Amino acid sequence: MQPETRNRKLMWWGVNTVVLLYAFVPVVWIVSLSLKDDATLNDGNYLPTSPSTESYSAIFSNSDFLRALANSIGICIIATLIAIVFGTMAAYAIARLDFPGKKTIVATALLVSMFPQIALVTPLFKIETALGLFDTWPGLIIPYIAFALPLAIYTLSAFFREIPWDLEKAAKMDGATPYQAFRRVITPLAMPGVFTTAILVFISCWNDFLFALSLTSTSAARTVPAAMSYFTGATTFEKPTGPIAAAAVVITIPIVIFVLVFQRRIVAGLTSGAVKG
Amino acid sequence: MTATPTSAAAQAIEDVADDGTVQIAQQRHSDAKKAERKLGLMLVAPAVVIMLAVAAYPILYAFWLSLNKADLRRPDDNEFIFLDNYITVLSSPIWWTAFGVTMLITIVGATFELILGMGLAIVMHRTLVGRGLVRTSALVPYAIVTVVAAFSWRFAWTQGLGWLAPETSAPLTEFWPSIWIIILAEVWKTVPFMALLLMAGLALVPEDLLKAASMDGASAWKRFWLVTVPLIKPAILVALLFRTLDAFRVFDNIFILTSGSNQTSSVSMVAYSNLIRGLNLGIGSAMSVLIFLTTGLIAFAFIKLFGAAAPGADAGGKR
Amino acid sequence: MAEIVLDHVVKRYPDGALAVDDFNLEIADGEFIILVGPSGCGKSTTLNMVAGLEDITAGKLIIDGQVVNDKAPKDRDIAMVFQSYALYPHMTVGDNMGFPLRLAGVDKETIRKKVGEAAELLELSQHLDRKPANLSGGQRQRVAMGRAIVRNPKAFLMDEPLSNLDAKLRVQMRTQISRIQKNLGTTTLYVTHDQTEAMTLGDRVVVMRAGIVQQVGTPAHLYAHPANLFVAGFIGSPSMNFFPGQLRGGGTVVTALGEARLPDRVRQSLDGAGSTGEVIIGIRPEHFEDASLVGDKPGATFDAPIDIVEAMGSDVYAYFTMKGDVAHSQDLDDLAKDTGNELHSGGVDVTARLDAAAQVQRGRTARLWYDTSKVQVFDAASGKNLVAAVR
Numbered sequence: 001m002q003p004e005t006r007n008r009k010l011m012w013w014g015v016n017t018v019v020l021l022y023a024f025v026p027v028v029w030i031v032s033l034s035l036k037d038d039a040t041l042n043d044g045n046y047l048p049t050s051p052s053t054e055s056y057s058a059i060f061s062n063s064d065f066l067r068a069l070a071n072s073i074g075i076c077i078i079a080t081l082i083a084i085v086f087g088t089m090a091a092y093a094i095a096r097l098d099f100p101g102k103k104t105i106v107a108t109a110l111l112v113s114m115f116p117q118i119a120l121v122t123p124l125f126k127i128e129t130a131l132g133l134f135d136t137w138p139g140l141i142i143p144y145i146a147f148a149l150p151l152a153i154y155t156l157s158a159f160f161r162e163i164p165w166d167l168e169k170a171a172k173m174d175g176a177t178p179y180q181a182f183r184r185v186i187t188p189l190a191m192p193g194v195f196t197t198a199i200l201v202f203i204s205c206w207n208d209f210l211f212a213l214s215l216t217s218t219s220a221a222r223t224v225p226a227a228m229s230y231f232t233g234a235t236t237f238e239k240p241t242g243p244i245a246a247a248a249v250v251i252t253i254p255i256v257i258f259v260l261v262f263q264r265r266i267v268a269g270l271t272s273g274a275v276k277g
Numbered sequence: 001m002t003a004t005p006t007s008a009a010a011q012a013i014e015d016v017a018d019d020g021t022v023q024i025a026q027q028r029h030s031d032a033k034k035a036e037r038k039l040g041l042m043l044v045a046p047a048v049v050i051m052l053a054v055a056a057y058p059i060l061y062a063f064w065l066s067l068n069k070a071d072l073r074r075p076d077d078n079e080f081i082f083l084d085n086y087i088t089v090l091s092s093p094i095w096w097t098a099f100g101v102t103m104l105i106t107i108v109g110a111t112f113e114l115i116l117g118m119g120l121a122i123v124m125h126r127t128l129v130g131r132g133l134v135r136t137s138a139l140v141p142y143a144i145v146t147v148v149a150a151f152s153w154r155f156a157w158t159q160g161l162g163w164l165a166p167e168t169s170a171p172l173t174e175f176w177p178s179i180w181i182i183i184l185a186e187v188w189k190t191v192p193f194m195a196l197l198l199m200a201g202l203a204l205v206p207e208d209l210l211k212a213a214s215m216d217g218a219s220a221w222k223r224f225w226l227v228t229v230p231l232i233k234p235a236i237l238v239a240l241l242f243r244t245l246d247a248f249r250v251f252d253n254i255f256i257l258t259s260g261s262n263q264t265s266s267v268s269m270v271a272y273s274n275l276i277r278g279l280n281l282g283i284g285s286a287m288s289v290l291i292f293l294t295t296g297l298i299a300f301a302f303i304k305l306f307g308a309a310a311p312g313a314d315a316g317g318k319r
Numbered sequence: 001m002a003e004i005v006l007d008h009v010v011k012r013y014p015d016g017a018l019a020v021d022d023f024n025l026e027i028a029d030g031e032f033i034i035l036v037g038p039s040g041c042g043k044s045t046t047l048n049m050v051a052g053l054e055d056i057t058a059g060k061l062i063i064d065g066q067v068v069n070d071k072a073p074k075d076r077d078i079a080m081v082f083q084s085y086a087l088y089p090h091m092t093v094g095d096n097m098g099f100p101l102r103l104a105g106v107d108k109e110t111i112r113k114k115v116g117e118a119a120e121l122l123e124l125s126q127h128l129d130r131k132p133a134n135l136s137g138g139q140r141q142r143v144a145m146g147r148a149i150v151r152n153p154k155a156f157l158m159d160e161p162l163s164n165l166d167a168k169l170r171v172q173m174r175t176q177i178s179r180i181q182k183n184l185g186t187t188t189l190y191v192t193h194d195q196t197e198a199m200t201l202g203d204r205v206v207v208m209r210a211g212i213v214q215q216v217g218t219p220a221h222l223y224a225h226p227a228n229l230f231v232a233g234f235i236g237s238p239s240m241n242f243f244p245g246q247l248r249g250g251g252t253v254v255t256a257l258g259e260a261r262l263p264d265r266v267r268q269s270l271d272g273a274g275s276t277g278e279v280i281i282g283i284r285p286e287h288f289e290d291a292s293l294v295g296d297k298p299g300a301t302f303d304a305p306i307d308i309v310e311a312m313g314s315d316v317y318a319y320f321t322m323k324g325d326v327a328h329s330q331d332l333d334d335l336a337k338d339t340g341n342e343l344h345s346g347g348v349d350v351t352a353r354l355d356a357a358a359q360v361q362r363g364r365t366a367r368l369w370y371d372t373s374k375v376q377v378f379d380a381a382s383g384k385n386l387v388a389a390v391r
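Protein chains in written order, with UniProt numbering: chain A, 1 to 277; chain B, 1 to 319; chain C, 1 to 391.
Any given hint could be a false lead.
Below, a list of computed lysine to aspartate or glutamate pairs in the EDC-like style, where the Cα atoms sit at most 16 Å apart [what the hints assert, rightly or not]:
1. B:LYS33 with A:GLU168
2. C:LYS60 with C:ASP70
3. B:LYS33 with A:GLU4
Everything labelled a hint here was simulated from the structure, so no lab data went into it.
Small disclaimer: the values here were computed from a predicted structure and weren't measured.
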């Protein structure tokens with residue numbers, strides 16, 4: 001038995017190594033690019049031979065990048081908070097309450113989640129221009145909320161459905177109004193789910209490129225992914241590789257931290273909403 | 001409390017009868033039900049309003065624009081031209097090339113994603129060692145911003161810069177190498193998501209069932225095909241549906257990797273070029289509507305052909 | 001505390017399914033009423049209607065002289081103990097018990113005092129700061145009781161509160177619930193599928209089947225005078241034995257046990273019912289006896305091929321199969337379905353509870369006696385008990 005177990009463990013370590021390489025090779029590459037200095041940038045080596053922080057100094061002294069970073073953080077946090085509040089309310093109602101039109105709402109959310117965002121770019125562009133929302137924070141926050149809501153509603157309603165019915169009945173019997181039952185019994189129990197959903201929603205906002213690209217025109221509201229594609233180098237033909245790599249690393253850091261700290265919750269959140277069907 | 005409770009109760013029945021409210025209407029809803037309905041509608045209202053405002057209204061508006069000339073370069077020349085934009089689009093080789101490219105990326109990508117995703121799901125589900133480590137690392141591609149990953153691949157394949165770039169050619173300037181790199185970027189990014197959905201399915205397969213199958217003489221391969229796959233079919237279909245719809249919208253990777261040069265544009269890229277770069281809202285909107293309709297067709301086909309249950313489809317059920 | 005009246009209460013679901021039909025019951029102040037029946041009989045639905053957790057389709061629910069059909073649960077002032085206990089996992093034991101008072105806006109000092117009293121009564125005082133997850137099953141059950149008790153409601157509703165406990169704890173809690181209810185004198189409606197709980201706890205028992213009340217009465221009355229085959233088969237453990245038979249003139253009945261003459265009292269009520277022909281005879285296990293131990297008490301005797309003997313110390317259980325038709329009726333089929341006991345051995349399976357001194361042996365034929373005066377006679381077609389109850 002003993003050697004067999006050892007062999008299996010070794011086999012699994014082998015497999016795990018493949019997974020780790022798969023996940024990290026492109027990531028390490030962009031980190032290594034960001035650490036290369038001008039002289040070695042074009043040597044084609046996977047790892048930097050003489051690491052330097054040149055690129056980071058460059059982007060952190062670039063006001064456009066700093067502005068974009070602030071935009072990214074601010075817009076995503078606000079969109080996440082609002083989407084979570086509205087999503088929690090809607091998910092609770094859908095999972096637990098009986099009211100007319102519920103099926104329609106579920107269908108709407110599903111439709112929105114399948115929506116090709118490109119189809120909305122023009123109309124949103126026109127509407128936002130007319131309303132003066134183009135190239136502003138709300139101009140991005142509102143569509144982000146709309147596209148985060150289906151995700152939030154599905155994930156959260158899966159969490160809500162796991163809370164035993166009897167607890168709400170008990171709350172009603174104990175004299176709670178439906179709102180009090182929601183506020184004092186269900187919400188505290190759903191907090192882990194809400195938190196998980198918030199991470200997922202934040203990641204999806206942070207990842208957006210198309211809206212950021214088409215609903216902004218200046219650095220007033222442009223987020224980092226869009227800003228990166230506008231970085232210009234010494235010549236118009238060559239993109240400044242080092243600074244782009246450094247910016248990429250900077251916006252990757254918060255996400256990697258999330259993943260490292262909340263791996264278990266993210267897995268639970270991504271899977272809970274999806275498979276119950 | 002009266003001394004004769006039963007008679008007091010009987011009295012109560014009569015009291016009610018007297019004041020004429022005996023007929024407790026069959027159709028009435030009790031206070032509790034009414035309160036529940038009201039609360040339900042109030043709670044969903046903000047979410048519904050935002051979703052409608054950002055998705056439903058604009059798509060109708062896009063449909064309207066698609067029936068007009070709506071060219072921002074010639075704003076005075078705007079007129080209702082009915083289906084002319086659609087005819088222009090559907091008779092344009094650019095559109096059909098983009099459509100072909102998109103379908104190719106979608107189908108090849110989704111196939112690889114399913115195979116690799118299943119492999120990764122099994123590893124994450126079964127590994128005897130370092131499970132937390134594997135799951136955490138597998139989340140990294142999912143969590144990384146698509147644009148970041150796309151830049152990483154682009155630099156890697158850029159001649160004279162990247163570690164993957166060949167000495168003598170520039171793959172991102174040729175059609176087929178570009179397509180494969182785009183597919184690679186898409187697959188790399190989305191396999192973990194696929195794997196997580198499939199892993200959730202795997203977790204629902206009872207361990208006892210696999211043990212029983214193994215006692216019945218099924219090899220690991222047979223157990224996988226005859227027990228696991230049929231049981232996780234719903235998870236597979238949901239994952240495939242999600243990925244297919246998502247792959248059809250491919251934009252970020254192409255934008256960064258090739259900017260659509262050498263005919264590598266996807267339908268989203270072409271629509272974007274017409275809308276934002278060409279400022280031809282009519283044509284762009286017609287493309288948007290066509291993409292929307294294709295997406296709907298794909299979803300419809302999945303649900304009809306495979307009976308894929310959309311996630312949350314059972315959310316309507318109480319209890 | 002209050003009386004509760006259910007007046008022609010009906011529950012019909014939107015899909016048309018009739019869950020409870022024409023339920024009538026007057027529950028006196030302080031009474032302990034048991035709703036019992038197999039799963040799906042409508043007992044929990046009835047309880048939920050009283051609670052206000054489900055709408056009443058038709059009829060009236062009166063609590064303390066007031067029609068409360070349209071009132072929300074919180075306005076009915078009744079407390080409920082759930083099968084799952086439904087303790088709030090994020091609150092301590094004390095907070096769980098104090099929750100109804102907090103919702104009612106009672107001041108902190110009073111809440112502390114009342115929770116303390118209830119905890120004292122339920123021996124939970126040292127657990128008040130713990131979370132439900134850290135309690136044993138029995139302790140959780142008591143917290144659920146405590147939450148119901150603290151607010152001194154008009155009535156307690158209990159939905160199978162003991163079914164998640166192991167057998168020993170269940171007996172223990174059963175007596176405790178009984179004691180608490182008697183001390184507080186609070187009107188209680190208690191749902192169970194366990195006929196032992198029904199027999200031991202209730203002042204009166206309501207037997208339900210398929211949404212319809214079968215019989216209402218004290219446990220002793222239900223046991224001695226079941227209204228129909230269903231009640232007869234449901235109440236009592238081990239359950240009553242049933243034999244198809246023919247009623248002949250002159251008060252004799254022919255069954256697989258042979259011909260027996262029914263005593264005058266039984267015969268008179270049969271005459272009153274005006275019935276002859278096909279009947280089903282019901283005999284409780286304890287109304288059998290070893291014929292040699294009986295003496296000359298009136299009754300009938302027969303030979304039983306004993307299959308299995310279980311000596312319980314105080315009694316002996318003898319199991320045997322009598323050749324002949326098995327009694328068939330809708331009532332009995334429903335019961336068999338509920339217990340999952342649908343195997344038939346080609347005859348009437350009989351359980352007899354005999355004196356410890358009975359001379360019965362496995363594999364041997366024994367001469368047994370049964371008490372004809374305790375025999376129940378049911379109409380084979382309708383399942384109705386033809387022997388009029390004597391109060």
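Consistency of the hints with the structure:
Taking the CA atoms of LYS33 (chain B) and GLU168 (chain A), the gap is near 14 Å; set against the 16 Å cutoff, the hint holds. Note on LYS60 (chain C) and ASP70 (chain C): the hinted pairing holds, with a Cα-Cα distance of about 10 Å set against a maximum of 16 Å. For the given pair, LYS33 (chain B) sits about 63 Å from GLU4 (chain A) by alpha-carbon distance, which is inconsistent with the 16 Å threshold.
Figure legend: structure checked against the earlier numbered hints; the only hint not met is number 3.
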